Amino acid sequence: MANESTGELRFSPEEQAAFREYWEFYTSRRPAISAYGKEELKKVPELAALIASIPPEQMEKQEAQSHEMQRAALMDGRWDAWLERQRAQGATYAQAGLSFGAWFQVLRIYREGVRRELQSANLDAAKLLRISHAMDRYVDMGMEIIGVAYLDTKERTIQVQQAAIRELSTPVLQIREKLLIIPIVGMVDTQRARHLTQSLLGAIRQRRARLVVMDITGVPVVDSKVANHLVQACEAARLMGARVTLSGVSPEIAQALVTLGADLPGVATVVDLQTALEDGDRWLAGGALAGAEEPAPEAAVRP
Amino acid sequence: MSAPVIKLEQFLLAVLPQSLTDSGWRELRDRVLRQVGDHRARGVLVDVTEMDVLDSYATRLLDGLSRMLRLRGAQTVVVGMQPGVAFAMAQLGLKLSSSGTALDVDDGLSYLRRQLPRSANGR
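Chains as they are written, first to last, in numbering that gives the first Met the number 0: chain A, 0 to 302; chain B, 0 to 122.
Keep in mind that the hints are not guaranteed to be accurate.
Part of the chain B face toward chain A, derived, beta carbon under 8 Å [said to hold, decoys possible]: (1) Leu32; (2) Arg39; (3) Ala57; (4) Arg59; (5) Gly63; (6) Leu70; (7) Gly72; (8) Ala101; (9) Asp105; (10) Pro116.
Each pair of labels, with its calculated beta carbon distance range [as the list claims (entries may be wrong)]: (11) Ser22/B x Asp188/A: 32 to 42 Å; (12) Ser22/B x Arg115/A: 53 to 63 Å; (13) Thr189/A x Ser22/B: 50 to 60 Å; (14) Ala85/B x Arg237/A: 34 to 44 Å; (15) Ser22/B x His194/A: 48 to 58 Å; (16) Gly185/A x Ala85/B: 40 to 50 Å; (17) Glu234/A x Asp103/B: 31 to 41 Å.
To be clear, the hints were calculated from the coordinates, so they are not data collected in a lab. Just so it is clear, the structure is predicted and the values come from calculations on it, not from any experiment. Beta carbons are placed, not taken as given, at the ideal position from N, Cα and C, and that holds for glycine.
Extracted from the complex, chain A is given alone in its bound form (with noise of 0.2 Å):
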């Protein structure tokens, strides 16, 4: 079967053989399995969605193409192309969207096509099975193949968004002495807080900032676990000598909290990053400037 390392496959002559046997048997029967398979691939929308975007010429020169790398494999034992084509349909289709499950479709409608023309050919049960084993061997191998480049291809695009989204990782904003913003639009998982509490912390020590304004309401989900890790910043940054406040809690993450038993102990909460520069002004200039170690600007904060 296929070789890991290598990424080559090779068979036994007996394996050959059976491939070869099922091979001539599928091209004396082409035109009916063919004609088959066109109707039913039709009856699966996503899959006749695909066919009817593939100009008619492309398509014939795809399909003998095709054709020739798969007598190239199950006839002469040279899978190379096969294998190649295989990888590449199935990372193909990974980008353009195509269902996992439309795969399966594919195949049973194959083997479908298949199995119905072996049913009429007369053929003596030892050969019928032989022939019926090559194929089913031989699907399931494309499929493998095909399953594993596709998988990979979505794993490879999930890993590229996670890169981006990191690199969109959140800017801390002086907008006024001692005063930084840290506006958070997007996920906030576990790795990603703790870059976010990092930098926050990195940047009160270097601006040398009193009060931080953290605003959410680019969050979309905010869970008991992104909650944690809120109130772990701002339990940090109280630890520096700097305030935090966050804005933006929107009715359904507020309930979504309250509801989890997760809201946010000891943060001071304002309803907009507005309210929060508002306040934070007041306060800033009520004398945090001196040092002097203020109330809260807003009754928020409660055991």
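Based on these hints, arrange chain B on the given structure of chain A.
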């Protein structure tokens, strides 16, 4: 059956009816949470004058609402509780620990004004 929510200075006033169905309560909660953002309200007065009973369930709902409002940057004060209701709640050991309390809307307003950040009063 829905409770009116009235904007009052920089606060909201929600007047609860004598009794509130579950859906009526949900609707009120959603409305108050949304309007706090619309008006940038710093506090919410919840008037329970009309209510004859505040059982453990209703208390929990009220407490939950004040915690949600806290996350939206608004302080909650429950006003107008009838003596009988207060007595029953005390006997049952029910507390409204997340919100302030005041005798009536007037007292509730001054309570909220005192809670505001300094010099925000004139906004």
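Here's how the hints hold up against the structure:
no.	hint	result
1	Leu32	holds (4 Å)
2	Arg39	holds (6 Å)
3	Ala57	violated (16 Å)
4	Arg59	violated (11 Å)
5	Gly63	holds (5 Å)
6	Leu70	holds (4 Å)
7	Gly72	holds (4 Å)
8	Ala101	violated (14 Å)
9	Asp105	violated (20 Å)
10	Pro116	holds (4 Å)
11	Ser22/B x Asp188/A: 32 to 42 Å	holds (35 Å)
12	Ser22/B x Arg115/A: 53 to 63 Å	holds (57 Å)
13	Thr189/A x Ser22/B: 50 to 60 Å	violated (38 Å)
14	Ala85/B x Arg237/A: 34 to 44 Å	holds (37 Å)
15	Ser22/B x His194/A: 48 to 58 Å	violated (43 Å)
16	Gly185/A x Ala85/B: 40 to 50 Å	holds (47 Å)
17	Glu234/A x Asp103/B: 31 to 41 Å	holds (39 Å)
Hint compliance for this structure: hints 3, 4, 8, 9, 13, 15 are broken, all remaining hints hold.
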